[in-house]
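> Listed below are the residues making up each chain.
Number of protein chains: 2
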Amino acid sequence: MSPSRSRRRGRTAGAAPHPRAPVRPAYDLRPGSPDLASFPRAEWLKAARRALTAAPSHALDYGDPRGRPELRAALAGYLSRARGVRTDPERIVVCGGIAHGLKLLGSVLRARGARTVAVESYGLDVHWRILASSGLHTTPLPFDRLGTDPGEPADADAILLTPAHQFPMGVPLHRDRRASVVDWARRTDGLVLEDDYDGEFRYDRQPVGALQGLAPDRVVYLGTASKALAPGLRLAWMVLPTGLAQEVAAAKGGVDTCGVLDQLTLAEFLTSGAYDRHVRTTRLRYRRRRDALVAAVAARAPEARVTGIAAGLHVLLRLPPGTEQSVVQAAHWRGLALHGLARYRNPAGQAEPLDALVVGYGTPPDHAWSGALDALCTVLPG
Amino acid sequence: MSPSRSRRRGRTAGAAPHPRAPVRPAYDLRPGSPDLASFPRAEWLKAARRALTAAPSHALDYGDPRGRPELRAALAGYLSRARGVRTDPERIVVCGGIAHGLKLLGSVLRARGARTVAVESYGLDVHWRILASSGLHTTPLPFDRLGTDPGEPADADAILLTPAHQFPMGVPLHRDRRASVVDWARRTDGLVLEDDYDGEFRYDRQPVGALQGLAPDRVVYLGTASKALAPGLRLAWMVLPTGLAQEVAAAKGGVDTCGVLDQLTLAEFLTSGAYDRHVRTTRLRYRRRRDALVAAVAARAPEARVTGIAAGLHVLLRLPPGTEQSVVQAAHWRGLALHGLARYRNPAGQAEPLDALVVGYGTPPDHAWSGALDALCTVLPG
Numbered sequence: 001m002s003p004s005r006s007r008r009r010g011r012t013a014g015a016a017p018h019p020r021a022p023v024r025p026a027y028d029l030r031p032g033s034p035d036l037a038s039f040p041r042a043e044w045l046k047a048a049r050r051a052l053t054a055a056p057s058h059a060l061d062y063g064d065p066r067g068r069p070e071l072r073a074a075l076a077g078y079l080s081r082a083r084g085v086r087t088d089p090e091r092i093v094v095c096g097g098i099a100h101g102l103k104l105l106g107s108v109l110r111a112r113g114a115r116t117v118a119v120e121s122y123g124l125d126v127h128w129r130i131l132a133s134s135g136l137h138t139t140p141l142p143f144d145r146l147g148t149d150p151g152e153p154a155d156a157d158a159i160l161l162t163p164a165h166q167f168p169m170g171v172p173l174h175r176d177r178r179a180s181v182v183d184w185a186r187r188t189d190g191l192v193l194e195d196d197y198d199g200e201f202r203y204d205r206q207p208v209g210a211l212q213g214l215a216p217d218r219v220v221y222l223g224t225a226s227k228a229l230a231p232g233l234r235l236a237w238m239v240l241p242t243g244l245a246q247e248v249a250a251a252k253g254g255v256d257t258c259g260v261l262d263q264l265t266l267a268e269f270l271t272s273g274a275y276d277r278h279v280r281t282t283r284l285r286y287r288r289r290r291d292a293l294v295a296a297v298a299a300r301a302p303e304a305r306v307t308g309i310a311a312g313l314h315v316l317l318r319l320p321p322g323t324e325q326s327v328v329q330a331a332h333w334r335g336l337a338l339h340g341l342a343r344y345r346n347p348a349g350q351a352e353p354l355d356a357l358v359v360g361y362g363t364p365p366d367h368a369w370s371g372a373l374d375a376l377c378t379v380l381p382g
Numbered sequence: 001m002s003p004s005r006s007r008r009r010g011r012t013a014g015a016a017p018h019p020r021a022p023v024r025p026a027y028d029l030r031p032g033s034p035d036l037a038s039f040p041r042a043e044w045l046k047a048a049r050r051a052l053t054a055a056p057s058h059a060l061d062y063g064d065p066r067g068r069p070e071l072r073a074a075l076a077g078y079l080s081r082a083r084g085v086r087t088d089p090e091r092i093v094v095c096g097g098i099a100h101g102l103k104l105l106g107s108v109l110r111a112r113g114a115r116t117v118a119v120e121s122y123g124l125d126v127h128w129r130i131l132a133s134s135g136l137h138t139t140p141l142p143f144d145r146l147g148t149d150p151g152e153p154a155d156a157d158a159i160l161l162t163p164a165h166q167f168p169m170g171v172p173l174h175r176d177r178r179a180s181v182v183d184w185a186r187r188t189d190g191l192v193l194e195d196d197y198d199g200e201f202r203y204d205r206q207p208v209g210a211l212q213g214l215a216p217d218r219v220v221y222l223g224t225a226s227k228a229l230a231p232g233l234r235l236a237w238m239v240l241p242t243g244l245a246q247e248v249a250a251a252k253g254g255v256d257t258c259g260v261l262d263q264l265t266l267a268e269f270l271t272s273g274a275y276d277r278h279v280r281t282t283r284l285r286y287r288r289r290r291d292a293l294v295a296a297v298a299a300r301a302p303e304a305r306v307t308g309i310a311a312g313l314h315v316l317l318r319l320p321p322g323t324e325q326s327v328v329q330a331a332h333w334r335g336l337a338l339h340g341l342a343r344y345r346n347p348a349g350q351a352e353p354l355d356a357l358v359v360g361y362g363t364p365p366d367h368a369w370s371g372a373l374d375a376l377c378t379v380l381p382g
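If you read the sequences in order, they're chains S and L.
Take 1 as the starting number for the first sequence in our numbering and just add one per residue.
Take 1 as the starting number for the second sequence in our numbering and just add one per residue.
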């Protein structure tokens with residue numbers, strides 16, 4: 001998941017900013033980006049040197065539309081180990097972000113005759129629009145106390161889900177529903193599109209494995225370097241059922257569209273263990289931030305409530321009914337960029353309106369984190 | 001221009017290879033790629049280190065769909081100096097190759113109501129197909145002794161040209177026709193798409209400037225790093241008339257789709273002078289290769305004839321009538337990958353069939369060059 005468009009919109013044309021509001025926020029707690037100041041520049045440059053020194057010349061040519069074999073091999077190993085994904089490098093297609101992946105999948109599904117993709121009641125409208133631009137109808141699934149309910153979506157050819165950590169609601173897909181959605185896919189020849197945007201970040205226990213591991217022939221797994229490293233790398237990956245990989249590669253226009261140098265570097269980063277080390281370090285940092293956020297809200301804003309599992313780079317912060325808009329506006333006044341839940345609600349969905357904030361605690365650099373948290377607590381009703 | 005698809009097709013499903021022919025050619029003289037062994041790895045890594053060290057953290061975030069401002073500023077300076085392009089960074093949009101640029105332009109032109117793009121009688125079918133996939137009709141222009149004749153294309157909304165060095169015919173757009181095509185664009189509110197794929201490589205004189213310099217508001221300039229550096233970078237650029245830049249950026253989906261690290265590195269490479277040094281070095285190497293090719297053909301295959309200007313990374317090698325197919329087949333037998341002109345002829349064009357080879361002398365590494373040239377001379381009718 002790459003909430004890029006939402007963030008951009010928030011920055012440029014968002015929610016009728018007050019005329020006297022500051023143009024650049026002093027603090028940014030919008031979800032979507034990791035702490036970019038922690039990007040491992042020195043380690044990345046070392047990996048780039050090793051990768052480019054070792055690469056054969058032909059690696060710099062027009063390449064396999066699925067992406068560099070070095071990266072696909074490294075990802076196959078990593079995803080198996082870290083996320084329980086079952087694949088070989090042949091079924092991986094590298095892409096320029098999860099949005100790019102969905103664009104490719106949308107065109108392939110449409111060409112296969114698909115008409116409808118069931119989506120979650122809460123999510124990124126940019127993803128829904130990408131599917132719609134391929135000519136697919138999107139229809140939202142119910143969301144209840146147990147989270148998204150895939151049920152038996154009538155007429156859906158595919159279901160787009162965030163099983164490990166629902167974005168933005170912050171809950172995992174319920175165990176029974178994990179089983180039933182796979183069962184649905186098997187029975188109806190349907191496809192599950194698993195958006196595993198932040199699956200590496202779980203703080204209270206081992207992350208639940210990818211849904212793909214249950215049914216590699218019925219689930220498309222989508223992962224990204226945007227949360228663990230940086231969106232600017234423009235590197236993401238799909239693990240596809242047999243047969244679909246070639247179709248998706250063809251939809252790329254028959255050529256690799258991602259720069260090979262970063263692909264080779266990421267492959268080296270993964271196989272050398274630098275990626276795991278970096279994820280461990282940042283996981284600890286984000287966990288501490290989340291703990292601090294939970295504690296500060298409990299102490300200073302008892303009417304607000306952090307919900308969802310201890311995971312990812314954002315929390316859903318429930319607010320008293322009717323207060324979301326005024327809190328977002330107050331934050332804006334104080335130079336704190338903040339997103340309410342409203343912008344993530346599917347307008348066609350049946351979900352009852354909830355007042356909440358989607359707080360991205362990954363976004364600020366370390367030096368701005370406590371100031372951002374303080375600004376948040378100041379504007380919360382309490 | 002990125003003859004990637006043509007090359008790929010040549011490698012995988014090309015022209016009914018003989019069953020006993022070798023799978024991997026010993027020599028490769030197909031056009032489209034530079035000598036990848038000469039990619040300046042050490043210089044590139046130095047630039048990457050400087051660029052990543054200097055970059056602000058927010059450069060690693062989701063970015064401006066036009067591309068990194070550092071790269072657009074560096075390109076504005078370079079293109080003005082080296083190609084006579086008139087622009088500021090605001091009108092530059094970075095893309096992942098000229099094919100990607102044409103895809104974006106095709107969708108924008110179609111959305112603006114354009115229906116027809118005039119193309120050259122010889123060129124890359126992948127470009128024609130990209131325009132067609134946007135719903136545009138392509139109609140080939142006449143090609144005569146003076147090269148492509150843009151004339152007064154009836155009903156065309158745009159014209160796609162390779163003015164500095166027609167691909168693959170190797171001639172520049174005639175001076176009178178440069179003036180008249182710009183005049184046509186001004187009178188009819190038309191647009192010229194200038195594919196300047198190898199404009200930096202001219203060996204006999206200063207390169208003729210970009211057509212864009214004559215009419216920045218009527219010409220879209222397309223350039224690429226694929227020939228001067230490597231296709232694997234997946235970096236190219238468009239210089240657009242005012243107004244069109246924002247539309248093309250929006251067609252990218254509102255986000256930067258190219259990796260920022262290579263963009264920052266290329267910006268540093270350009271501004272530090274490393275790019276100019278590299279182009280000077282490779283220009284000398286390619287010039288020597290071209291000279292050797294001309295001399296060897298004259299000495300060993302007097303019935304063949306190199307045509308076109310001393311420029312670029314390929315020559316058109318005219319053959320006696322009726323011999324093209326057998327020469328390509330003989331080359332294939334000897335492990336020499338070679339393209340005939342036939343695959344570059346627009347099937348809807350009126351151009352009379354010519355027997356010729358499109359010889360990419362940039363492709364082999366230095367150590368394989370003389371062997372490749374010898375293999376070529378061996379299969380030429382002489």
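Hints may be right or wrong, so weigh each one.
What the hints assert, rightly or not - No farther apart than 25 Å at their CA atoms in a straight line, the calculated lysine to any residue pairs in the SDA-like style are these:
{"id": "1", "chain 1": "S", "residue 1": "LYS46", "chain 2": "S", "residue 2": "ALA215"}
{"id": "2", "chain 1": "S", "residue 1": "LYS46", "chain 2": "L", "residue 2": "ARG287"}
{"id": "3", "chain 1": "S", "residue 1": "LYS46", "chain 2": "L", "residue 2": "SER38"}
{"id": "4", "chain 1": "S", "residue 1": "LYS46", "chain 2": "L", "residue 2": "SER134"}
{"id": "5", "chain 1": "S", "residue 1": "LYS46", "chain 2": "L", "residue 2": "SER57"}
{"id": "6", "chain 1": "L", "residue 1": "LYS46", "chain 2": "S", "residue 2": "PRO89"}
{"id": "7", "chain 1": "L", "residue 1": "LYS46", "chain 2": "S", "residue 2": "GLU43"}
{"id": "8", "chain 1": "S", "residue 1": "LYS46", "chain 2": "L", "residue 2": "THR53"}
{"id": "9", "chain 1": "L", "residue 1": "LYS46", "chain 2": "S", "residue 2": "PRO347"}
{"id": "10", "chain 1": "L", "residue 1": "LYS46", "chain 2": "S", "residue 2": "SER57"}
{"id": "11", "chain 1": "L", "residue 1": "LYS46", "chain 2": "S", "residue 2": "ALA342"}
{"id": "12", "chain 1": "L", "residue 1": "LYS46", "chain 2": "S", "residue 2": "VAL171"}
{"id": "13", "chain 1": "L", "residue 1": "LYS46", "chain 2": "L", "residue 2": "ARG334"}
{"id": "14", "chain 1": "L", "residue 1": "LYS46", "chain 2": "S", "residue 2": "SER272"}
{"id": "15", "chain 1": "S", "residue 1": "LYS46", "chain 2": "L", "residue 2": "LYS46"}
{"id": "16", "chain 1": "S", "residue 1": "LYS46", "chain 2": "L", "residue 2": "SER272"}
Unchecked claim - Only part of the chain S face toward chain L is listed, based on derived beta-carbon distances under 10 Å:
{"id": "17", "residue": "VAL260"}
{"id": "18", "residue": "LEU284"}
{"id": "19", "residue": "GLY308"}
None of these hints come from the bench; they were simulated from the model.
All values reported here derive from a predicted model rather than from experimental measurement.
Where is the CB? At the ideal position from N, CA and C, for every residue including glycine.
> If a hint holds in the structure, say so; if it doesn't, say that too.
Right, here's what the structure says about each hint:
Under the criterion of a C-alpha separation no larger than 25 Å, the hint pairing LYS46 of chain S with ALA215 of chain S is inconsistent with the structure, at around 37 Å. As the CA atoms of LYS46 of chain S and ARG287 of chain L are separated by approximately 36 Å, the hinted pair breaks the 25 Å bound. A hinted pair counts as satisfied when its Cα atoms are at most 25 Å apart, and LYS46 of chain S with SER38 of chain L qualifies at roughly 22 Å. The straight-line distance between the Cα atoms of LYS46 of chain S and SER134 of chain L is roughly 42 Å, outside the 25 Å bound, and the hint therefore fails.
Restraint check for LYS46 of chain S and SER57 of chain L: satisfied, since their Cα atoms lie roughly 19 Å apart, inside the 25 Å limit. Our distance criterion of 25 Å between C-alpha atoms is broken by LYS46 of chain L and PRO89 of chain S, whose separation comes to about 31 Å. Taking the CA atoms of LYS46 of chain L and GLU43 of chain S, the gap is about 15 Å. The hint holds against a cut of 25 Å. For the hint linking LYS46 of chain S to THR53 of chain L, the alpha-carbon distance of about 13 Å falls within 25 Å, and the restraint holds.
Distance hint between LYS46 of chain L and PRO347 of chain S is unfulfilled; the C-alpha atoms sit about 50 Å from each other, more than 25 Å. Taken as a hint, the LYS46 of chain L and SER57 of chain S pair is honoured in the structure, with Cα atoms around 19 Å apart against an allowance of 25 Å. Note on LYS46 of chain L and ALA342 of chain S: the hinted pairing is violated, with a Cα-Cα distance of about 46 Å set against a maximum of 25 Å. At roughly 45 Å between alpha-carbon atoms, LYS46 of chain L and VAL171 of chain S are farther apart than 25 Å, so this suggested pair is violated.
This hinted pair does not check out: LYS46 of chain L and ARG334 of chain L have alpha carbons roughly 41 Å apart, beyond 25 Å. A hinted pair counts as satisfied when its Cα atoms are at most 25 Å apart, and LYS46 of chain L with SER272 of chain S qualifies at roughly 22 Å. Between LYS46 of chain S and LYS46 of chain L the CA atoms are separated by roughly 11 Å; this keeps the pair inside 25 Å, and the hint holds. The straight-line distance between the Cα atoms of LYS46 of chain S and SER272 of chain L is roughly 22 Å, inside the 25 Å bound, and the hint therefore holds.
Below 10 Å, beta-carbon pairs count as interface contacts, and VAL260 of chain S has one with chain L at about 4 Å; its hint therefore holds. Against a cut-off of 10 Å between C-beta atoms, the interface hint on LEU284 of chain S is violated, since the closest Cβ of chain L lies about 19 Å away. A distance limit of 10 Å between C-beta atoms decides the matter here; for GLY308 of chain S the minimum to chain L is near 24 Å, and the interface restraint is violated.
Checked against the numbered hints listed earlier, the structure breaks hints 1, 2, 4, 6, 9, 11, 12, 13, 18, 19; every other hint is satisfied.
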